[in-house]
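Chemist: So you can see what is in the structure, the chains are spelled out below.
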Amino acid sequence: MNQKELFSIATDWFHEQNWQPFAFQKESWKAFLAGKHGLLNAPTGSGKTYALWFPIVLNYIKKNPEYRTKHKKGLKAIWITPLRALSQEIRQSAERITVDLGTQMTVGIRTGDTSTKERASQKKAMPDLLITTPESLQLLLSSKGYASIFKDCSAIVVDEWHELLGTKRGIQMELGLSRLKTICKDLRIWGISATIGNLEQARRVLLGPNSEQLQNSVMVRANLKKKITVKSIIPKTMETFPWRGHLGLHLLEEVVPIINNSKTTLLFTNTRSQCEIWFQKILEKHPEYAGEMAMHHGSINKETRLWVEQAIRNESLKAVVCTSSLDLGVDFAPVETVIQIGGPKGVARFLQRAGRSGHRPGKESVIHFLPTHAMELIEASALQVVVKENAVEDRLPYLNSYDVLLQYLTTLAVSDGFYPGEIFPEIQQTFCYQGITEEQWQWLLNFLVLGSQSLSSYDEYKKVEIEADGKFKVNNRGVAMRHRFQIGTIVGDATISVRYQKGGYIGSIEEYFISKLTQGDVFTFAGRNLEFIRIKGMQAHVRNSTKRTNKVPSWMGGRLSFSAQMSELLRQELYKAAAHQLSGPELKSLKHIFDKQREESIVPSPSEFLIETFKTRDGYHHIFYPFEGRAVHEAMSSLLSYRVSLLSPITCSLAFNDYGFEMLSDKPIDIQAVIDNNLFTPEYMLADLQRSLNSNEMARRKFRDIAVISGMVFTGYPEKGVKMKHLQSSSQLLFDVFRDYEPNNLLFQQAFTETFEHQLEEGRLRMALERIGKQQIVWKDCEKATPFSFPIITDRLREKLSNEKLADRIKRMTKILMK
Amino acid sequence: MNGFSGALVRMSYPLKLKDQNFQLHASGAVFWKEKSCLLISDVHLGKVTHFRKFGAALPRHAVHKNYLLLDRLVSYYQPFEICFLGDLFHSSLNKEWVLFENWMARTPSKITLITGNHDIIAPEKFESLGVEQFEELTTENFLLTHHPETRNGYYNLCGHIHPAVRLQGAGRQRLKLPCFFKTEDQMILPAFGEFTGSYTLKPSDKDEVYVIAGEEVIKV
Numbered sequence: 022m023n024q025k026e027l028f029s030i031a032t033d034w035f036h037e038q039n040w041q042p043f044a045f046q047k048e049s050w051k052a053f054l055a056g057k058h059g060l061l062n063a064p065t066g067s068g069k070t071y072a073l074w075f076p077i078v079l080n081y082i083k084k085n086p087e088y089r090t091k092h093k094k095g096l097k098a099i100w101i102t103p104l105r106a107l108s109q110e111i112r113q114s115a116e117r118i119t120v121d122l123g124t125q126m127t128v129g130i131r132t133g134d135t136s137t138k139e140r141a142s143q144k145k146a147m148p149d150l151l152i153t154t155p156e157s158l159q160l161l162l163s164s165k166g167y168a169s170i171f172k173d174c175s176a177i178v179v180d181e182w183h184e185l186l187g188t189k190r191g192i193q194m195e196l197g198l199s200r201l202k203t204i205c206k207d208l209r210i211w212g213i214s215a216t217i218g219n220l221e222q223a224r225r226v227l228l229g230p231n232s233e234q235l236q237n238s239v240m241v242r243a244n245l246k247k248k249i250t251v252k253s254i255i256p257k258t259m260e261t262f263p264w265r266g267h268l269g270l271h272l273l274e275e276v277v278p279i280i281n282n283s284k285t286t287l288l289f290t291n292t293r294s295q296c297e298i299w300f301q302k303i304l305e306k307h308p309e310y311a312g313e314m315a316m317h318h319g320s321i322n323k324e325t326r327l328w329v330e331q332a333i334r335n336e337s338l339k340a341v342v343c344t345s346s347l348d349l350g351v352d353f354a355p356v357e358t359v360i361q362i363g364g365p366k367g368v369a370r371f372l373q374r375a376g377r378s379g380h381r382p383g384k385e386s387v388i389h390f391l392p393t394h395a396m397e398l399i400e401a402s403a404l405q406v407v408v409k410e411n412a413v414e415d416r417l418p419y420l421n422s423y424d425v426l427l428q429y430l431t432t433l434a435v436s437d438g439f440y441p442g443e444i445f446p447e448i449q450q451t452f453c454y455q456g457i458t459e460e461q462w463q464w465l466l467n468f469l470v471l472g473s474q475s476l477s478s479y480d481e482y483k484k485v486e487i488e489a490d491g492k493f494k495v496n497n498r499g500v501a502m503r504h505r506f507q508i509g510t511i512v513g514d515a516t517i518s519v520r521y522q523k524g525g526y527i528g529s530i531e532e533y534f535i536s537k538l539t540q541g542d543v544f545t546f547a548g549r550n551l552e553f554i555r556i557k558g559m560q561a562h563v564r565n566s567t568k569r570t571n572k573v574p575s576w577m578g579g580r581l582s583f584s585a586q587m588s589e590l591l592r593q594e595l596y597k598a599a600a601h602q603l604s605g606p607e608l609k610s611l612k613h614i615f616d617k618q619r620e621e622s623i624v625p626s627p628s629e630f631l632i633e634t635f636k637t638r639d640g641y642h643h644i645f646y647p648f649e650g651r652a653v654h655e656a657m658s659s660l661l662s663y664r665v666s667l668l669s670p671i672t673c674s675l676a677f678n679d680y681g682f683e684m685l686s687d688k689p690i691d692i693q694a695v696i697d698n699n700l701f702t703p704e705y706m707l708a709d710l711q712r713s714l715n716s717n718e719m720a721r722r723k724f725r726d727i728a729v730i731s732g733m734v735f736t737g738y739p740e741k742g743v744k745m746k747h748l749q750s751s752s753q754l755l756f757d758v759f760r761d762y763e764p765n766n767l768l769f770q771q772a773f774t775e776t777f778e779h780q781l782e783e784g785r786l787r788m789a790l791e792r793i794g795k796q797q798i799v800w801k802d803c804e805k806a807t808p809f810s811f812p813i814i815t816d817r818l819r820e821k822l823s824n825e826k827l828a829d830r831i832k833r834m835t836k837i838l839m840k
Numbered sequence: 029m030n031g032f033s034g035a036l037v038r039m040s041y042p043l044k045l046k047d048q049n050f051q052l053h054a055s056g057a058v059f060w061k062e063k064s065c066l067l068i069s070d071v072h073l074g075k076v077t078h079f080r081k082f083g084a085a086l087p088r089h090a091v092h093k094n095y096l097l098l099d100r101l102v103s104y105y106q107p108f109e110i111c112f113l114g115d116l117f118h119s120s121l122n123k124e125w126v127l128f129e130n131w132m133a134r135t136p137s138k139i140t141l142i143t144g145n146h147d148i149i150a151p152e153k154f155e156s157l158g159v160e161q162f163e164e165l166t167t168e169n170f171l172l173t174h175h176p177e178t179r180n181g182y183y184n185l186c187g188h189i190h191p192a193v194r195l196q197g198a199g200r201q202r203l204k205l206p207c208f209f210k211t212e213d214q215m216i217l218p219a220f221g222e223f224t225g226s227y228t229l230k231p232s233d234k235d236e237v238y239v240i241a242g243e244e245v246i247k248v
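Quick note, the sequences are listed as chains A and B, same order. With the working numbering applied, the first sequence covers 22 to 840. With the working numbering applied, the second sequence covers 29 to 248.
Hint data in this document are derived by calculation from the structure and do not stem from the laboratory. Fair warning: there could be bad hints in the mix.
Claimed, not checked - Calculated lysine to aspartate or glutamate pairs in the EDC-like style (CA-CA distance at most 20 Å, straight line):
| hint | chain 1 | residue 1 | chain 2 | residue 2 |
| --- | --- | --- | --- | --- |
| 1 | B | K93 | A | E763 |
| 2 | B | K81 | A | E410 |
| 3 | B | K93 | A | D757 |
| 4 | B | K93 | B | E244 |
| 5 | B | K81 | A | E481 |
| 6 | B | K93 | A | E486 |
Given only the sequences and the hints, what does the whole structure look like? Please build it.
Modeler: Listed below in structure tokens is the structure:
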């Protein structure tokens, strides 16, 4: 069958549905059938699945002209999705094609949710089209004779590649692909990505920077223009607008008419605790929504989440309060309106959320922005610019993550064993390990076999063995079993599942929160008030309670930082304010705050770097305003406090948000000395950062994940009640042991590299310091806290759980500010 | 514990319990002067080797630290007796036993072991090296156990918990330090072992806490 005939099969199908194929869909079909690899840049809900399922099926039809009567068994294509929850939808669209075109192709799902029985039967006879996750793909590589499963696979599609890029799951994908390139005879590699700043790089990472696949690849862009309107919710009476508080609850009533005027509204919050609180408060004030409102976040059990997703599609819900858990995948046509509560912190995220509404082609997307404090209105103003300019950020891919490589090599050793001479060139082809040296490679091999770099007589280290012919192989069943359990652990904070005493899973909460509860305590979770009974194994038992409570679990991972793009836009908005050009309604509404700010301080212009100092009952506050985002501020505060401590011994605590950072101390810091000694210099930045105490603490946290991924810490068998506490403390101890005995260990050093590159965003920090170097430092010694400083000095307090005392404290601070 | 290099004499804190003289040492050991007895709890020997045996590549060199610390304590206090308050070994027998045999051979003190929950190595193995084993010991008005226990008329010295306390200071400073945790009728020793965790206790007003701050023992 020639291409024209194949195409007409596809277009006929589209016509039968009363659809027209988009240009980008046809373009993908053509490239795929020409044997090309590629990256498809298309947003959710644009028909991207049909862009790639079709050519996969057409390719099969082409090779098997008698496809209607005969069925050639075996795996033909793999579809990788980062979220298990999306696999059902992907299957439905695939099956629609295979059935309608009269093929006998089968579609199967293999994820962590797949039963052992089904896995076993899949292993005997693979479905033609397999939908799976990066972890499950790795697991397949850990089974004996995996090469024969994949040999006739013609395509692998990595969906939502932008979500994987810049994560360790992305590296897992790179490694898996490097193997498949060798063992599949005729493989096409395709990625699907939403718009990110570094799309070209995304393609290089997916296909390999120097690979023939990259040479023979295309970039297909959907270019579906969509009109997005941002409407800021501006408080009617700014006098009562608190310059603090991170929940925005004072604007709750503003949200009600928006919900009422729309079929279905999604309310996006930034953290799960914020999500819980908003849900609770809306219901409290407006009980009429009961039954028509739901909540959706990552810690709620899967059944509930699926129910909510279904209910959105059925149009049976008026509003859903959610977190990033609803950012991805799943099309919700009925969603008319989206409300973003608090700054979205990233441009791409904001656009993605905005795109959640008005999904039908040609409809405009409306997103309401609800600021949680006044400064966020500046953010809103910046977002207006974003929407016009479509400036989205990069996803920074990892380099040289030895932990993931060790895990992968162990995986290969567990299945059929591997020969380093064969695998090393494959590894070098990947983006992540393109710079790996022979020496580092040898170090890793020694680590796998000896657990160190030299032999010792009484050592009992056991993991990978070298067989007589040079094959690296795991022969110990215990090692193999533990490894399979560990594969693809995405390490998060230790979580505890929350259950009713009689059973009934409600969701999972970080152990950190549960450990602070005592029997009889009541807390809010999944929209319910629950009374804590006891901890049993890895489970917390609870019962429903009618008591009111203000305890809401906080999730440590909830803090997001401004991206570079967002920070830049924010600064531009501020500079407008500095020049008294209050353009949009957002900035206009902030006029009196800017005026107040100018009473004692300034609104900095592009040539100025502002430092404020003042004293409160808490001590001496020193506030610095780089406007570079939380991550950079975390790094800069650590760096600066280290340098200040060199001038004279000092103890200070650090707080930071997206606008600036604070050093709080029991004695004043000599700011003139900070300026005179040029403490913002980018010179010796890395060395100083390394010496600053904070980076050590951050590296310690990074090392925890590294220790788990590389298999140095066993997280325990699921549900066997091996407490995660063990992992926590022992990886902490591990860090100390390595620091004391093997500081040159590549894994130990990786913890620091990751801290600098990914956590502290070293590159951005350097640029920020260079910028400050060109600015004039303006130091304002103030009588009291300024409006700009207020969110920072109170932000720190929010890191803890809210309780009465805290509220009192904030009240007291407000008085100081207002009088 | 942290390694110690400075003068050993500054590293201990004198303490009277029931008219007996004790020295709380920064290594976590307690020296009982009248008895010339060194009390050491929760050494967890063999832990590093145990981890390595199960494929966790901890630095091999870390194995020696415990023995070095023990040697230095023995040569400083020259105790007549060393009494381990349980969890001497972390797990089942492994090749670190050879190192322990060597240490036994060069240590002149009498060695006793109050068995702890981790001590699962066959008693005969200890016997063959001349280690005396007990469930608990009572001497004078003192009760030596692994798990904390209260008994009328006795002062309990024990381990098991790996006690630590959290300290909060001005400017939101926080520290977690291992400690000797003393109540009216009991003192819990910190874990001696390198590469052992700790458990945070909250002292009441009556309790006394002696934290190990690097090379010093400080009452807080």
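Chemist: Indicate, hint by hint, whether the structure satisfies it.
Modeler: Hint check results:
1. Taking the CA atoms of K93 of chain B and E763 of chain A, the gap is near 14 Å; set against the 20 Å cutoff, the hint holds.
2. Note on K81 of chain B and E410 of chain A: the hinted pairing is violated, with a Cα-Cα distance of about 58 Å set against a maximum of 20 Å.
3. Note on K93 of chain B and D757 of chain A: the hinted pairing holds, with a Cα-Cα distance of about 13 Å set against a maximum of 20 Å.
4. Between the alpha carbons of K93 of chain B and E244 of chain B the distance comes to roughly 19 Å, so the proposed pair stays at or under 20 Å and holds.
5. Under the criterion of a C-alpha separation no larger than 20 Å, the hint pairing K81 of chain B with E481 of chain A is consistent with the structure, at around 5 Å.
6. Distance restraint check for K93 of chain B and E486 of chain A: the Cα-Cα separation of roughly 29 Å exceeds the 20 Å cut-off, and the hinted pair is therefore not satisfied.
In the structure shown, a violation is registered for the earlier hints numbered 2, 6, in ascending order.
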